[in-house]
Amino acid sequence: AQTVTQSQPEMSVQEAETVTLSCTYDTSESDYYLFWYKQPPSRQMILVIRQEAYKQQNATENRFSVNFQKAAKSFSLKISDSQLGDAAMYFCAYRSGDIAGKSTFGDGTTLTVKP
Amino acid sequence: KAGVTQTPRYLIKTRGQQVTLSCSPISGHRSVSWYQQTPGQGLQFLFEYFSETQRNKGNFPGRFSGRQFSNSRSEMNVSTLELGDSALYLCASTFSGGPYNEQFFGPGTRLTVL
Numbered sequence: 001a002q003t004v005t006q007s008q009p010e011m012s013v014q015e016a017e018t019v020t021l022s023c024t025y026d027t028s029e030s031d032y033y034l035f036w037y038k039q040p041p042s043r044q045m046i047l048v049i050r051q052e053a054y055k056q057q058n059a060t061e062n063r064f065s066v067n068f069q070k071a072a073k074s075f076s077l078k079i080s081d082s083q084l085g086d087a088a089m090y091f092c093a094y095r096s097g098d099i100a101g102k103s104t105f106g107d108g109t110t111l112t113v114k115p
Numbered sequence: 001k002a003g004v005t006q007t008p009r010y011l012i013k014t015r016g017q018q019v020t021l022s023c024s025p026i027s028g029h030r031s032v033s034w035y036q037q038t039p040g041q042g043l044q045f046l047f048e049y050f051s052e053t054q055r056n057k058g059n060f061p062g063r064f065s066g067r068q069f070s071n072s073r074s075e076m077n078v079s080t081l082e083l084g085d086s087a088l089y090l091c092a093s094t095f096s097g098g099p100y101n102e103q104f105f106g107p108g109t110r111l112t113v114l
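Respectively, the protein sequence lines represent chains R and A. Heads up: the first sequence begins at 1 in our numbering, then just goes up one per residue. Heads up: the second sequence begins at 1 in our numbering, then just goes up one per residue.
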């Protein structure tokens, strides 16, 4: 079974600075996808960024980028120019290429942004 | 497009009762997944439905069941409620459930079992 580990329960960052959230995963599959989700206090989970395992190039979405190290099974999220609205719980998620509709989530990292 | 909606948003039940939660996916989405979120266990996959068929199931007891209707709306049912069933129940919809498809989450139903 696949597992996802987020080793940082809490992180904080100063507004306008950069922060990196860590995620490691364990799988024997070669076809999979990785995601970062954001869950603000209002509880609606939204997708931040996704990465296909077969792509070597790291995904980027505006201020959000990932560092995908396939051999190390590491998938960290970098948030640049942090904003107050980035404060939320962030979940790393794994989806198998063979199993429809199922995501395996890490325990989450609560990010605090200080003004 | 309207987002994923879940009803009710909050629910209080007592042990032994049963409960039904509803999820309406984004229009055109045919796959609905359900997750249980608790502080202790995190987010855990319950099951996924596509075109009224359950395609995948997580490791939950048989008290947890679901179904999907022809309009893709889905319900999940928990029978003989236990205190440990208190959780936020999230549903997520995708167009086809494929692994690359973005899962759009609803706001959740907060279930409290007394």
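Note that these hints are calculated values from the structure, not bench results. A few of these clues could be false.
Pairwise CB distance ranges, derived in the manner of DEER restraints [as the list claims (entries may be wrong)]:
{"#": "1", "chain 1": "A", "residue 1": "G98", "chain 2": "R", "residue 2": "S80", "range": "26 to 32 Å"}
{"#": "2", "chain 1": "A", "residue 1": "T112", "chain 2": "R", "residue 2": "K70", "range": "38 to 44 Å"}
{"#": "3", "chain 1": "R", "residue 1": "K114", "chain 2": "A", "residue 2": "Q17", "range": "42 to 48 Å"}
{"#": "4", "chain 1": "R", "residue 1": "Q14", "chain 2": "A", "residue 2": "R73", "range": "23 to 29 Å"}
{"#": "5", "chain 1": "A", "residue 1": "Q54", "chain 2": "R", "residue 2": "G97", "range": "16 to 22 Å"}
{"#": "6", "chain 1": "R", "residue 1": "S28", "chain 2": "A", "residue 2": "G28", "range": "32 to 38 Å"}
{"#": "7", "chain 1": "R", "residue 1": "I46", "chain 2": "A", "residue 2": "Q54", "range": "35 to 41 Å"}
{"#": "8", "chain 1": "R", "residue 1": "S30", "chain 2": "A", "residue 2": "N59", "range": "22 to 28 Å"}
{"#": "9", "chain 1": "R", "residue 1": "F64", "chain 2": "A", "residue 2": "R55", "range": "18 to 24 Å"}
{"#": "10", "chain 1": "R", "residue 1": "T3", "chain 2": "A", "residue 2": "R73", "range": "30 to 36 Å"}
{"#": "11", "chain 1": "R", "residue 1": "E52", "chain 2": "A", "residue 2": "T5", "range": "28 to 34 Å"}
{"#": "12", "chain 1": "R", "residue 1": "T110", "chain 2": "A", "residue 2": "E102", "range": "21 to 27 Å"}
{"#": "13", "chain 1": "R", "residue 1": "Y54", "chain 2": "A", "residue 2": "T14", "range": "47 to 53 Å"}
Stretches of chain A that chain R covers, calculated by requiring three or more beta carbons in the stretch to come under 8 Å of a beta carbon on chain R [unchecked claim]:
{"#": "14", "stretch": "30-42"}
{"#": "15", "stretch": "65-75"}
{"#": "16", "stretch": "85-99"}
Note that the Cβ used here is the ideal one computed from N, Cα and C, for glycine as well.
Verification of the supplied hints:
no.	hint	result
1	A:G98 to R:S80: 26 to 32 Å	holds, 30 Å
2	A:T112 to R:K70: 38 to 44 Å	holds, 42 Å
3	R:K114 to A:Q17: 42 to 48 Å	holds, 44 Å
4	R:Q14 to A:R73: 23 to 29 Å	violated, 45 Å
5	A:Q54 to R:G97: 16 to 22 Å	holds, 20 Å
6	R:S28 to A:G28: 32 to 38 Å	holds, 34 Å
7	R:I46 to A:Q54: 35 to 41 Å	violated, 26 Å
8	R:S30 to A:N59: 22 to 28 Å	holds, 24 Å
9	R:F64 to A:R55: 18 to 24 Å	violated, 31 Å
10	R:T3 to A:R73: 30 to 36 Å	holds, 32 Å
11	R:E52 to A:T5: 28 to 34 Å	holds, 30 Å
12	R:T110 to A:E102: 21 to 27 Å	holds, 23 Å
13	R:Y54 to A:T14: 47 to 53 Å	holds, 50 Å
14	30-42	holds (count 5)
15	65-75	violated (count 0)
16	85-99	holds (count 8)
This entry does not satisfy hints 4, 7, 9, 15, going by the numbered hints stated previously.
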